[in-house]
Amino acid sequence: MNSGIDLQGSFIQLLVDLGLPVEVARVAWLPLPMLLVLVGATLGVLVTTWLERKISAAAQQRIGPEFAGPLGMLIPIADGLKLLVKEDIIPAKADSLLFTLGPAIVVIPVFLSFLIVPFGQNLLITDLGIGVFLWISLSSIAPIGLLMAGYASNNKYSLLGGLRAAAQSISYEIPLALSVVAIVMMSNSLSTIDIVQQQSGYGILGWNVWRQPIGFLIFWIAALAECERLPFDLPEAEEELVAGYQTEYAGIKFGLFYLGSYVNLVLSSLFVSVLYLGGWNFIIPIESLASWLSISESTPWLQVLTGSLGIIMTLLKAYLLVFLAILLRWTLPRVRIDQLLDLGWKFLLPVSLVNLLLTAALKLTFPFAFGG
Amino acid sequence: MNLADGVQIVSFGVLALMMLGAALGVVLLENIVYSAFLLGGVFISIAGLYILLNAGFVAAAQVLIYVGAVNVLILFGIMLVNKRQNFVPLRNAWVGKITTAAVCLGLFALLGTMVLATPWAISTAPVAGDTSTVVIGMHFFSDFLLPFELASVLLLMALIGAIVLARREFLPDALEREETQQPVLTLPERPRELASAAPGSPDRTLGTSPTQRNV
Amino acid sequence: MELQYFLLLAAALFCIGIYGLVTSRNAIRVLMSIELLLNAVNINLMAFSNYLDPSGIKGQVFTVFVITIAAAEAAVGLAIVLSIYRNRDTVDMEQFNLLKW
Amino acid sequence: MLKFLKQVTDYTKEAVQAARYIGQGLSVTFDHMQRRPITVQYPYEKLIPSERFRGRIHFEFDKCIACEVCVRVCPINLPVVDWEFNKETKKKKLNHYSIDFGVCIFCGNCVEYCPTNCLSMTEEYDLCTYDRHELNFDNVALGRLPYKVTQDPMVQPMRELAYLPKGVLYPHGLPAGSRRAGKLPEEILEEAEENGAK
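Residue numbers (our numbering), protein chains in the order written: chain A, 1 to 372; chain B, 1 to 215; chain C, 1 to 101; chain D, 1 to 198.
Among the hints, a few may not be true.
Pulled from the structure, derived: some chain D residues nowhere near chain A, Cβ distances all over 12 Å [claimed, not checked]:
hint, residue
1, 23
2, 31
3, 37
4, 71
5, 73
6, 138
7, 139
8, 196
With the Cβ distance kept under 10 Å, some of the chain B side facing chain A (calculated, not the full set) [claimed, not checked]:
hint, residue
9, 78
10, 79
11, 94
It should be emphasised that the hints constitute simulated quantities derived from the structure, not laboratory data. Given the structure is predicted, the values throughout are model-derived calculations rather than measurements. We put the CB at the ideal spot given by N, CA and C, even for glycine.
The shape of chain A in the complex, shown without the other chains (with noise of 0.2 Å):
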């Protein structure tokens, strides 16, 4: 197994090399990693963006955006525009100071989750030890933003939405996490870059989907749940809430919305896709394609054709998740809140439970091939 390119090292080596003090090459490069996931990030909501209303219009046989740019594919720009200028609004009764917090309380987390988010063995930010566990414990602060959005906007609707879309939240967030731990208890630690790894060396075969495919569904479902998109729209639903806690809002707060409930769909795209599809991993491994042409693992260019490999093959893998759900948004009719209720606790909750024994069971009885 090689190590893959190590960027950061190489930076702060040509930084050392220029004559700089290592500390001072460290904190040039900090900043650089955060510029990119924040750049990374709303490039990937605006794919996103252009895509959704792209399949959607495919999938109810029309044509789409078509006239902004080759294919439409400025509209999310003129999109992003059109919500910066906008006139922000603030109902005279809302509470300014609330109403105003929200939106950031609901984006920032998200944002933050994608410090742990591995494109290749070394291009991610940290590799932190509790890895996926951040990302369990960032996403339960969305509620609160939520909540604090539909208390701020003074509605009844707003209120409701909001308080749905806790509720939602915090019921899906069980089933989520178990799933998750049921893929730690394979890869024996938290750390992507770990779980990552003990999916590679037998290319597609190697995946996580074919030792949990329960898991994959509960995850999949869980975390549709968690962006609010369809069937699991409730929190927003037009036709009995309005719009939910977006009601009131306007402007760039309203964008500040749609941009989290969007990098939320992506991120959690990216996770099922470290999680359960092999994240930077090719269908077939690459080192033994490379040994089998007799090639060496180290020659510079082949390292760059890994590196690259990795990162198309994670967005590759991610958007096609998204694609999925687009798919399904058009598919699935919206469920009940009761319905909805009901599945989570009735249903993954004991299904989620019953696979995590599995999974131990599993585990012990084949530890070759369980991560023993």
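Starting from the known structure of chain A, fit chains B, C and D onto it as the hints suggest.
The following block gives chains B, C and D in isolation, referenced to the frame of chain A:
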């Protein structure tokens, strides 16, 4: 003092200020909804302090359980008992407040002198750091196995108890309806489930102004 | 960074919690004050764990237990407040005097 | 125990069934993605309205005898007929005639009952204005002939579903001579006569 230490001191100061300010807000603010949101701030800054204390796992657990569960639960509670209500002012309430404040300050002084006077045996053993998750797990399954199991039983008991306490009384309306046969094609009307929701009771709609909530 | 800072901070949080516990009249605010008290204890445990027992970290184990119990306490406490509210239509602590004498 | 196991298996079966239905639905959605879009890029492309399309009403001032039948048959008495009695010719003389298309429901009763056929339905359907009072057409506006979609150089005319051959759902780029679905009345008549002759 190197860079890392400076960063630590500064972040400790910021987190401590945030925590104390938010905690004072929780206790002193008139509006209970603000208090509840500030409680979330207290929890988050405490999680930051835990990270300063090399305990990433517990910090994440703190965020997950306190912010994600307890605080949301408290907010739910506030929204459910959300009634415009001004408490009857008590006579001489300020005496109690001043006395309590004095006692608390005295307690703080006592604890402070004790903290500063005690010679702490600070250990120089290596910090567990990133392996702390593993160490905590080891503790749970070896010397703290019994408390661990007891805690799970306690959680189960609390779960059931909370459900039993908070659920509404079962209304046996199914039996009555059979006797009084409703005419066809009309929906049978359900009896009001809450005594307090009957007409004439104080207004408890959800959309009341946030500035006029009860304290 | 010294142990004393953390202990002083925890003491301050504890005192604020006590003050809130005694003076507040809203039952839910009382619950929040109890959470503050538990968190003050947690800070103490974590500080001791880091400075006095950095490799064994038993303090962190205890903190996890305290967090568990705090969650249970919050759930049950809120359920009690809710049922009292249903029966008496108020959350004023001064009116909960059924068991006084 | 057996009963419990049966319950579990039934539940599992239902869950699997639900999953299969979801898969079926997904495949239907996916299938739709490969069908051709039926979008009409409206201001640039317009559908050709069908033959009996009930669009904006056309009015011929000179034919009108001010009998007010149109007002009487109108569900809401919409047409405004302003006439005066000419004593010399002992006939009614029409001064003004107007219909407010912001209120009209395009039922076509007036057209049907008009004794002199001075009212007729046109193909014009895009009555868009910045002010709803502009929709109140007077006799001059009512007398204007509408643009025909097929003759407007700004517009790419497209066939409506009813004009397409059987089985074709895509209105773009159809050969010029291709037939619409269904038959014209005279063709049906012809066929009926042929059948009768046999």
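Violated hints - listed by number, lowest first: 1, 2, 3, 11
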